[in-house]
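*Asks:* If you read the sequences in order, they're chains Y, R, D and F.
Be aware that the first sequence starts at 3, since it is given in the numbering used here, and climbs by one per residue.
Be aware that the second sequence starts at 3, since it is given in the numbering used here, and climbs by one per residue.
Be aware that the third sequence starts at 3, since it is given in the numbering used here, and climbs by one per residue.
Be aware that the fourth sequence starts at 3, since it is given in the numbering used here, and climbs by one per residue.
Hint data in this document are derived by calculation from the structure and do not stem from the laboratory.
Using N, Cα and C, we set each Cβ at its ideal position, and we do this for glycine too.
Where hints are given, some of them may not hold.
[Unchecked claim] No farther apart than 30 Å at their CA atoms in a straight line, the calculated lysine-lysine pairs in the DSS-like style are these:
| no. | chain 1 | residue 1 | chain 2 | residue 2 |
| --- | --- | --- | --- | --- |
| 1 | F | K67 | R | K85 |
| 2 | D | K102 | D | K67 |
| 3 | D | K29 | Y | K102 |
| 4 | F | K103 | F | K85 |
| 5 | R | K102 | F | K103 |
| 6 | R | K102 | R | K67 |
| 7 | R | K85 | F | K85 |
| 8 | D | K71 | F | K67 |
| 9 | Y | K85 | Y | K67 |
| 10 | F | K71 | F | K29 |
| 11 | F | K85 | D | K29 |
| 12 | F | K85 | F | K102 |
| 13 | R | K29 | R | K103 |
| 14 | Y | K29 | Y | K67 |
| 15 | D | K102 | Y | K29 |
| 16 | Y | K71 | F | K67 |
| 17 | D | K85 | F | K67 |
| 18 | R | K29 | R | K71 |
| 19 | D | K71 | D | K29 |
| 20 | R | K29 | F | K71 |
| 21 | Y | K102 | D | K85 |
| 22 | D | K102 | F | K71 |
| 23 | Y | K29 | Y | K71 |
| 24 | D | K67 | Y | K102 |
| 25 | R | K103 | R | K85 |
| 26 | R | K67 | D | K71 |
| 27 | D | K29 | Y | K103 |
| 28 | Y | K67 | D | K29 |
| 29 | F | K71 | Y | K67 |
| 30 | F | K29 | D | K85 |
| 31 | D | K103 | D | K85 |
| 32 | R | K29 | Y | K85 |
| 33 | Y | K67 | D | K103 |
| 34 | Y | K85 | Y | K102 |
[Stated by the list, open to error] Chain Y is nowhere near these chain D residues, computed Cβ spacing over 10 Å in every case:
| no. | residue |
| --- | --- |
| 35 | G14 |
| 36 | G49 |
| 37 | L51 |
| 38 | E52 |
| 39 | W55 |
| 40 | K67 |
Number of protein chains: 4
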Amino acid sequence: MPIAEITIYPIGTGSTSVGDFVANCVKVLDEMGLNYQLTPMGTVFEGSLEEIWEAVARIHEIPFKMGCKRVVTTLKIDDRRDKPSSMRSKVEGVERRLGKKL
Amino acid sequence: MPIAEITIYPIGTGSTSVGDFVANCVKVLDEMGLNYQLTPMGTVFEGSLEEIWEAVARIHEIPFKMGCKRVVTTLKIDDRRDKPSSMRSKVEGVERRLGKKL
Amino acid sequence: MPIAEITIYPIGTGSTSVGDFVANCVKVLDEMGLNYQLTPMGTVFEGSLEEIWEAVARIHEIPFKMGCKRVVTTLKIDDRRDKPSSMRSKVEGVERRLGKKL
Amino acid sequence: MPIAEITIYPIGTGSTSVGDFVANCVKVLDEMGLNYQLTPMGTVFEGSLEEIWEAVARIHEIPFKMGCKRVVTTLKIDDRRDKPSSMRSKVEGVERRLGKKL
Numbered sequence: 003m004p005i006a007e008i009t010i011y012p013i014g015t016g017s018t019s020v021g022d023f024v025a026n027c028v029k030v031l032d033e034m035g036l037n038y039q040l041t042p043m044g045t046v047f048e049g050s051l052e053e054i055w056e057a058v059a060r061i062h063e064i065p066f067k068m069g070c071k072r073v074v075t076t077l078k079i080d081d082r083r084d085k086p087s088s089m090r091s092k093v094e095g096v097e098r099r100l101g102k103k104l
Numbered sequence: 003m004p005i006a007e008i009t010i011y012p013i014g015t016g017s018t019s020v021g022d023f024v025a026n027c028v029k030v031l032d033e034m035g036l037n038y039q040l041t042p043m044g045t046v047f048e049g050s051l052e053e054i055w056e057a058v059a060r061i062h063e064i065p066f067k068m069g070c071k072r073v074v075t076t077l078k079i080d081d082r083r084d085k086p087s088s089m090r091s092k093v094e095g096v097e098r099r100l101g102k103k104l
Numbered sequence: 003m004p005i006a007e008i009t010i011y012p013i014g015t016g017s018t019s020v021g022d023f024v025a026n027c028v029k030v031l032d033e034m035g036l037n038y039q040l041t042p043m044g045t046v047f048e049g050s051l052e053e054i055w056e057a058v059a060r061i062h063e064i065p066f067k068m069g070c071k072r073v074v075t076t077l078k079i080d081d082r083r084d085k086p087s088s089m090r091s092k093v094e095g096v097e098r099r100l101g102k103k104l
Numbered sequence: 003m004p005i006a007e008i009t010i011y012p013i014g015t016g017s018t019s020v021g022d023f024v025a026n027c028v029k030v031l032d033e034m035g036l037n038y039q040l041t042p043m044g045t046v047f048e049g050s051l052e053e054i055w056e057a058v059a060r061i062h063e064i065p066f067k068m069g070c071k072r073v074v075t076t077l078k079i080d081d082r083r084d085k086p087s088s089m090r091s092k093v094e095g096v097e098r099r100l101g102k103k104l
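Here chain Y stands alone, though its shape is the one from the complex (with noise of 0.2 Å):
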């Protein structure tokens, strides 16, 4: 299962502020009902490719339907098909390397 993390960048809002722009993406995430992780650099979550373009269309659209006129969404996508990933085996694994939790 491909895992990605996106982010998105209001611009010309005119506040510093972008959590409330962040609360109504992940709504999104919930709405789809797709397994997600909210991090303090971005939102990561995990689904098949075709969950992984809906979501981003979707949350792409989250900040112009508040206002905004100007909007730089990144989507990065980690897919590894030789064997099972996850967002939570991809952590453990480094954590196993490392003898502890993190």
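Starting from the known structure of chain Y, fit chains R, D and F onto it as the hints suggest.
*Replies:* Frame of chain Y; chains R, D and F shown alone:
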């Protein structure tokens, strides 16, 4: 018209060269008839959002078709809706401010 | 305090696994005594700008020391100077808006 | 020689235009005498790692000096040490494969 930048990182190929992958990705944009620009760090193109989603979905599969087992694809979309924008106008806007052609 | 996210992509290693590289990069942040969080798609940490530049310079060398011939390192810095910000406060701000802990 | 791409996102400026910020960032690269290329989605330049760290540190401060309260700066470094690489050679390598100039 939104502007997008895409990069692909094939992981675990055993070769430090990625030019073959990039060339085949560019062919997708050629086939779709999209306006694009190859930069040293990614490929920039412009199109409707629907065209961007389609292009990314198709390009993301290219390295797998070429034998890769893991691919990281990154996409950045700059979508400005308060005035017309294009790959060319963005660069020219900075050149005008600097008083020179870059 | 600025917040940073770093990712490394070793290119041409012949293995689809990157966990060994990530683990050694995290050790740099441990050695520097920086507060960090491992996510499925990168490592987020906070520190002064001087600490961030030092951390990135040191982490960028890790894969080469482990035998890589080509490395793509990405860094993202979110620097907010109108009010205190932290990895924790950014996530909590969104959780508060959503009325739940993520 | 490593190749870098830098982008800056001023957050909360009240204007959807970022050209003034980009122009001043490019001036830093001019002052440092670095070889660079402006693309529609970022600025690509090449230099030693020391030059790259210095350039990023200086460019990151530009929007703040211009009155911004929050800036997101992204940096990507492609560092290949098994053979010479340059901004020009990377693009030409793909053009050669495609049999045309892009």
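*Asks:* Determine for every hint whether it applies to the structure shown.
*Replies:* Hints versus structure:
1. K67/F - K85/R: holds, 27 Å
2. K102/D - K67/D: Violated, because 43 Å separates the two Cα atoms, which is more than 30 Å.
3. K29/D - K102/Y: holds, 12 Å
4. K103/F - K85/F: holds, 23 Å
5. K102/R - K103/F: holds, 24 Å
6. K102/R - K67/R: violated, 43 Å
7. K85/R - K85/F: Since the Cα atoms of K85/R and K85/F sit roughly 44 Å apart, the hinted pair is violated (cutoff 30 Å).
8. K71/D - K67/F: With Cα atoms ~38 Å apart, K71/D and K67/F exceed 30 Å; violated.
9. K85/Y - K67/Y: violated, 39 Å
10. K71/F - K29/F: At roughly 21 Å apart (the allowed maximum being 30 Å), K29/F and K71/F satisfy the hint.
11. K85/F - K29/D: holds, 29 Å
12. K85/F - K102/F: Between K85/F and K102/F the Cα gap is close to 24 Å, so the pair holds against 30 Å.
13. K29/R - K103/R: holds, 29 Å
14. K29/Y - K67/Y: holds, 14 Å
15. K102/D - K29/Y: holds, 12 Å
16. K71/Y - K67/F: holds, 25 Å
17. K85/D - K67/F: Distance of about 17 Å is within 30 Å: holds.
18. K29/R - K71/R: holds, 21 Å
19. K71/D - K29/D: OK: K71/D and K29/D at ~21 Å, within 30 Å.
20. K29/R - K71/F: violated, 42 Å
21. K102/Y - K85/D: violated, 33 Å
22. K102/D - K71/F: holds, 29 Å
23. K29/Y - K71/Y: It holds: about 21 Å lies between the C-alpha atoms, which stays within 30 Å.
24. K67/D - K102/Y: Given pair K67/D, K102/Y holds - Cα atoms ~23 Å apart, limit 30 Å.
25. K103/R - K85/R: The hint holds at about 23 Å.
26. K67/R - K71/D: holds, 25 Å
27. K29/D - K103/Y: Since the Cα atoms of K29/D and K103/Y sit roughly 13 Å apart, the hinted pair holds (cutoff 30 Å).
28. K67/Y - K29/D: violated, 43 Å
29. K71/F - K67/Y: holds, 25 Å
30. K29/F - K85/D: Holds, at roughly 29 Å.
31. K103/D - K85/D: The given pair, whose Cα atoms are some 23 Å apart, holds under the 30 Å limit.
32. K29/R - K85/Y: Roughly 29 Å between the alpha carbons, so the hint for K29/R and K85/Y holds.
33. K67/Y - K103/D: Given pair K67/Y, K103/D holds - Cα atoms ~25 Å apart, limit 30 Å.
34. K85/Y - K102/Y: holds, 24 Å
35. G14: holds, 17 Å
36. G49: About 13 Å separates G49/D from the closest Cβ of chain Y, which puts it past 10 Å; holds.
37. L51: Label holds. Min Cβ-Cβ 16 Å, cutoff 10 Å.
38. E52: holds, 20 Å
39. W55: holds, 17 Å
40. K67: holds, 16 Å
In summary, the numbered hints that this structure violates are 2, 6, 7, 8, 9, 20, 21 and 28.
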